[in-house]
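Here the sequence shown is numbered in numbering that gives the first Met the number 0, starting from 0 and rising by one per residue.
Source of the hints: derived by calculation from the structure; they are not laboratory data. Some hints could be false.
With a Cα cut of at most 20 Å, we get these calculated SDA-like pairs of lysine to any residue [claimed, not checked]:
{"no.": "1", "residue 1": "Lys124", "residue 2": "Leu98"}
{"no.": "2", "residue 1": "Lys95", "residue 2": "Thr106"}
{"no.": "3", "residue 1": "Lys128", "residue 2": "Tyr87"}
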Amino acid sequence: MATGSGFRLAMCGSLLLACDRTNFVDFKRTLSLFQPEDVNRTLDSGRKPLHFAADFGHLEVVEYLISKGADVNAPDKHGLTPLICACYENHSQCVKMLLEKGADKNTKGPDGKTPLEAAESDAIKALLK
Numbered sequence: 000m001a002t003g004s005g006f007r008l009a010m011c012g013s014l015l016l017a018c019d020r021t022n023f024v025d026f027k028r029t030l031s032l033f034q035p036e037d038v039n040r041t042l043d044s045g046r047k048p049l050h051f052a053a054d055f056g057h058l059e060v061v062e063y064l065i066s067k068g069a070d071v072n073a074p075d076k077h078g079l080t081p082l083i084c085a086c087y088e089n090h091s092q093c094v095k096m097l098l099e100k101g102a103d104k105n106t107k108g109p110d111g112k113t114p115l116e117a118a119e120s121d122a123i124k125a126l127l128k
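Start from the sequences and build out the full structure, keeping to the hints where you can.
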């Protein structure tokens with residue numbers, strides 16, 4: 000299968016859809032069509048796959064993307080990191096995984112808040128302290 004830039008850009012839409020689904024097998028199948036650097040590719044939305052996985056609370060996808068080299072501290076076009084995304088959406092298991100894999104809990108989002116300040120749940124606040 001061709002992996003030229005046109006094909007890879009077209010596949011970004013497939014990757015985004017896969018991040019939005021809970022079927023981990025389909026996600027892995029879609030990701031297998033990408034080059035290693037694609038896990039850190041900025042999609043048309045200005046976000047990377049890890050941002051979507053953290054936002055949607057898909058722990059297996061978060062873990063898998065990190066295992067393939069996804070940057071846990073990469074900001075999206077708005078300055079949000081995957082950790083801040085997971086905090087805002089109250090996905091405590093994703094927050095825990097991101098922290099275990101080196102996410103910086105002191106990075107501020109575009110609103111000037113740290114992940115701790117953005118967190119609403121006590122469980123997430125405890126993880127961030």
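To see whether the hints hold, each was checked on the structure:
1. Lys124 with Leu98: 12 Å, holds
2. Lys95 with Thr106: Roughly 16 Å between the alpha carbons, so the hint for Lys95 and Thr106 holds.
3. Lys128 with Tyr87: Holds, at about 16 Å.
Consistency note: the structure conflicts with none of the earlier hints.
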